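Asker: For the protein sequence lines, the chains are A and B, in the order given. Be aware that the first sequence starts at 683, since it is given in this note's numbering, and climbs by one per residue. Be aware that the second sequence starts at 10, since it is given in this note's numbering, and climbs by one per residue.
Don't read these hints as lab results, they were simulated from the structure. Computed from a predicted structure; not experimentally measured. Yeah, the Cβ is synthetic: ideal placement off N, Cα and C, and Gly gets one too. Hints are supplied without guarantee of correctness; some may be wrong.
[Said to hold, decoys possible] Far from chain A, some chain B residues (derived; all Cβ distances over 10 Å):
id, residue
1, Q16
2, G161
3, R178
4, S184
5, R196
[Stated by the list, open to error] Distance ranges between label pairs, derived from CB positions:
id, chain 1, residue 1, chain 2, residue 2, range
6, A, R810, B, A64, 31 to 39 Å
7, B, A281, A, R810, 23 to 31 Å
8, B, L190, A, T984, 55 to 63 Å
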Amino acid sequence: MSPARILGAAALVALAIGPWLLARHQLSLLTDLLIFGLFAMSLDLILGYTGMLSFGHAAYFGLGAYASALVLLEFAQPVPVALLAGMLLAGVVAVPIGWLSTRSTGVYFAMLTLAFAQFLYTVAYKWRSLTGGSDGIAGVPKTSLFWGGPSLASPQAFYFLAAACVVLSLLLCRALVRSPFGRALQAIRENERRFTSLGRDPRPFKLVVFVIAAVFAGLAGALFAPFRGFASPEVMFWVFSGQALMMVTMGGIGTLVGPIVGAMVFILIQEILSSYTEHWMIFTGVVFVLIVIFLPGGLVGTARRLGMRG
Amino acid sequence: MANLIEQLLNALVLAGLLFLVSAGLSLVFGILRVVNFAHGVFYMLGAYLGFTAVALTGWFWPALVIVPPVVGVLGALLESSTLRFIYRRPQIYQLLLTFGLALILEESIRILYGPTAKGVEPPALLQGAISLGGLLYPRYRLFLVVLSLVVGAAVWLFLRTTRAGLVIRAVAQNSEMADCLGADVARVRTLVFGAACALAGLGGVAAAPMTTAYLGMGIGVIVEAFVVVVIGGLGSIGGSMVGSLIVGAAQTWGAFYLPESAMVIMYAVMGAILIFRPWGLFGEEE
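Chain A extracted, bound-state conformation (with noise of 0.2 Å):
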């Protein structure tokens, strides 16, 4: 068996026994870790795999957070009606969105992500009868697994539910990347020329790859909606935005799992140094920094390539 496997299976090893070991704030922690590694990952397919940088899918997840939230918290469905109507809304509005913004390539498709995004924000910032303006939508409950079935709101129980969605869209990203489809993408990302003058159009594979990573990223804002139990307008704010490029490149573009790495590494940080000060972000900043110049592969990339090399 290769390192990776071993490391992998020791990893959903852990994954299932971590609720008999861990404490109530560190399961918790840990959800947290899963959610924004789901987040992150679904930026790796369009940033790692197809090289378009967007500085706004946090507009994803906060739709997915309120499409879930107002399911929830509105008509009191079971918690995979919302996620389903999470991913949907987010699918639904990447589509216009992409349409446009897959227009242009490399820096004008990271200045219109963004534009995009933060124009999302505003409205759901702006649009008080439905979205709760700048308060949010507070009281979100973790309703059940399915019509008359167990409730989630245990801890543990949100948990797996949780580590069962992040492991299948992992496999599902994986198995995507590794397909004819995915390696199209990568192709773009090489060299978009080239792939133009083999007769193909790129823009369909950007605007249906904008969207999948739109559902994934929709899939967990709605997962964090009910976890934290509110969805407010800063889950669509640029910053968010930021911290998912953050989780990617501390991690390792175009990795998937790298991803989840650099969400661990992420909240990490948070979590040690927000007990000393509150400006732990200057310190991620650095560190965030540091790995841009001296590591592009990022933690995983460079293991990789070290582990390749010994």
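Following the hints, put chain B in place on chain A, whose structure we already have.
Answerer: This is chain B only, laid out in the frame that chain A set:
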């Protein structure tokens, strides 16, 4: 009529400030091929340093003169200590790096100045309002229009008529060729980056008496400046000017007719232009 003139002047004020920021953004992109995400933070830094300078000296004019070079030197130092090392990498990394720098700078300002907004008094000469044929208009806002026009003209003349401007345009057009012909490309990059930061700092210190210095003004202005350069096209000063006017007008009349959703107008305009010109009005396809 008076109303229309007032709206027009408001649009010009906004456009002038946006131009000071977006012109630097565009210039840096032309030379370094980097979109500087930290550019808005330099604008914010200008406003905060302006507050400090006014608090120390009790005067506004020295602040207006001192702050831009200070911001510019800081920008040049950051470029030569970080960005310089990763020009060869894919564009994504440079954007990520400037994003990290923006984060660090913004947190530093939060630590130094605290979360409350800092007000700056306009100079005595520019306080109060002036009567323009029945319309009372704040003197300071008129000054902002004049200032941005003067600076815009100066930048344009500098690029068009001086030797340094010629070298900058040569590097923007083809940096390898300019390098072969003896231009010190690394130095041009650092100086242009610093000058662009100084322009943003000037915008910030000039805006402070009108908007106060507050956290979040950096991201606010960078998003609008992004919209400006997307509309006008990156790397084109003229494009920045036209883009600033369009965004200034869209924001002003948007705020007048749709007070709750002024930004919608701005994005609608941007979307419409992008459908026909994905590279902006004056930009070139890469």
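Asker: Hint by hint, work out which the structure violates, then give me just those numbers in ascending order.
Answerer: 8
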